[in-house]
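Each chain, written out:
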Amino acid sequence: MCYPVRSAERTGARIIQLLHNIGHAMIMLMEAVWFSRLAFGPRSRRETMTQMYVTGIKSLPVITVVALFIGMILALQTGLELQRYGQEKYIGSAVAVVMIREMGPFMSALIIAASVGSAIAAQIGTMVVSEEVAALEVMSINPNRFLVMPRLVALVIMMPLLAVYTNILGILGGAVVGTTQLDVSFRAYMDNALDIAHNKDLYVGLLKAFIFGIIIATVACHQGFMTTEGAVGVGRSTRRSVVVSFLVILVIGYMITRLFYI
Amino acid sequence: MDKFRREISVEIWVGLFVFSVLIALGIFTIVLSRDGFMKKSYTYEIFFQEVGGLSEGDNVFLRGLNIGRVSQTTLNNGDVSVFVSLNEPLTLREGYRIEVANSSLLGGKVLKIFEGPKEAPNIEAGTEIRGKLPVDVLDQLGTAVSGLQAMIDNVNAKQGTLGKLLNDDEIYNNLLAVTDDLRVLSDRLEKGEGTIGKLLKDDVVYNELETFLANASTISDRLVQGEGALGKLLSEDEVYDDLKQLMANVREVSDRLAAGEGALGELLAEDSTMSADLEKTMASLRSITESVDEGEGTLGKLVKDEALYDEASRLIKEVRAAVDDMREASPISTFSSVLFGAF
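Chains as they are written, first to last, in the numbering used here: chain C, 1 to 262; chain B, 263 to 605.
No wet-lab data here; the hints were simulated from the structure.
Keep in mind that a hint or two might mislead.
To be verified - Here are the computed lysine-lysine pairs in the BS3-like style, where the Cα-Cα straight-line distance is at most 27 angstroms:
hint, chain 1, residue 1, chain 2, residue 2
1, C, K200, B, K301
2, C, K200, B, K371
3, B, K506, C, K200
4, C, K200, C, K89
5, B, K302, B, K371
6, B, K301, B, K371
7, B, K374, C, K89
8, B, K420, C, K89
9, B, K374, B, K302
10, B, K380, C, K200
Claimed, not checked - Here are the in silico distance ranges between beta carbons for each label pair:
hint, chain 1, residue 1, chain 2, residue 2, range
11, C, T179, B, V280, 26 to 34 angstroms
12, B, K302, C, R84, 38 to 46 angstroms
13, C, L38, B, S303, 44 to 52 angstroms
14, B, Q334, C, L136, 54 to 62 angstroms
15, B, R325, C, P61, 48 to 56 angstroms
16, C, T64, B, R355, 48 to 56 angstroms
17, C, Y85, B, K463, 36 to 44 angstroms
18, C, M255, B, N416, 48 to 56 angstroms
19, B, Q334, C, M139, 55 to 63 angstroms
20, B, S303, C, Y85, 30 to 38 angstroms
21, C, T179, B, Q334, 44 to 52 angstroms
22, B, F281, C, P61, 53 to 61 angstroms
23, C, T179, B, L403, 35 to 43 angstroms
These figures come from a predicted structure and were not determined experimentally.
Positions of the beta carbon are idealized from the N, C-alpha and C atoms, including for glycine.
Could you put together the complete structure from these sequences and hints?
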């Protein structure tokens, strides 16, 4: 078989595999959504709350630091440029709009994908390679209900909340730089910050965070279930989970922005 | 027991976090909606032919202060209805102006309201409020650039003053000649020639001018202080009033003369009998003086006849001597009459 044919065959196989994976992920997601009505029922409540705790509360320290410094960096960079034109008082507007529309949901999604998503992929991947998932199936326990649904519910609930938390801390971080480095009063900073941003920006951002939560849960769980070849496979699944989550978050984030702002 | 406590702790933490963030989200929503939670707002509908990109959420300014926002914009029977939500009630007067303006050079729109002149009456309630057509800065810039381009084309085509100035050698030569003339003029001035040259060079002229200015200053000072007739006229109202009264009297006299009133007026009148009488009198006087001059009559003889003059002169002397005698004899006669009167 000549090289072009082999190359075409390989590409076709990859596309089929990709579609197969997407199909598998979608079926898994639909099942988890179907079972999500039981998320706070007696059998799943504890696991759902634990996942919410892990996703939300355990992530707070890293999200706090990242959000504060993202706001400070944004304020410093835009403030230094605006200072050249004597318009540094408008850094509040720049920081607020960027945080609420994009950076809040996006940065929280990246952090959660890197920390919680990778942990989910590793946990489920380990369960797959150690045949715990198979054991669940033997016991007629649906892995999608038992493993995916609590994580999906936890992520779609906590992601928008974390995005709001990131927005607030980012804006406050910008205020710290504005008042200490650029001589912009806190009142002027906040007036400008809240003058340009609208409720639409806030809620489109929350919608993004909600969708990012679905993406992270779906990709992480799917990568976990697709794990093969023992410990090496777990590592590969973890890495793939983070990479695929980032890419999908970027693409979907652009599409949502395109949908609501053009 | 520990497991139970841990589960409760997890739930408390999650619940606290969710509750806190939801409160923050609620506050965020209220703040970003810019509608005061308990604050009263006043809504007005303003009609525009065109709004030039004004959109919901844009600021509304009154006398430079932000008093609210545009809450809605809708098409309405060939117009655009702009609903504004204001923090303060709006009172518009006749001559009011509402216009869409650029919020900055980078874009964005604001609605500016000018209530109208303070002394103007308020517009009637229910009157349709209309806004002005917005000014499109880019359109104006395009027009300006077109005009500039046309000007450059004219200059290139050697048209107009600037075109000729830049392209025509004759004007350059004229300019050169003018420059030469100016140089000659400046040389003459430098040498102190001519009136202006002397003024620039000669100290005498300067000193005289200085003296003249000093005098003028003195005069003006005196005028200011009300000294002299002219100063009094300028500073004292009384003098002015007197002058005014005098002018009024003169006017009255002239009016009376013109009307032929009084002796002088009658004399000046064209159909005056007095004038005729005066002419006759003058003729008689002329006749009398002519007779006297010719020595006719007693007065003429008295004037012309020297013998009569001498006779009269002697007579006067004799009369004076008789009077003197009587004055000298008067005390004796008086004494005698008193003495003899006693007896």
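Open item on the list: Of the numbered hints stated earlier in the document, which are not met by this structure?
Closed with: The structure conflicts with hints 3, 8, 10, 17, 21, 22, although it agrees with all the remaining ones.
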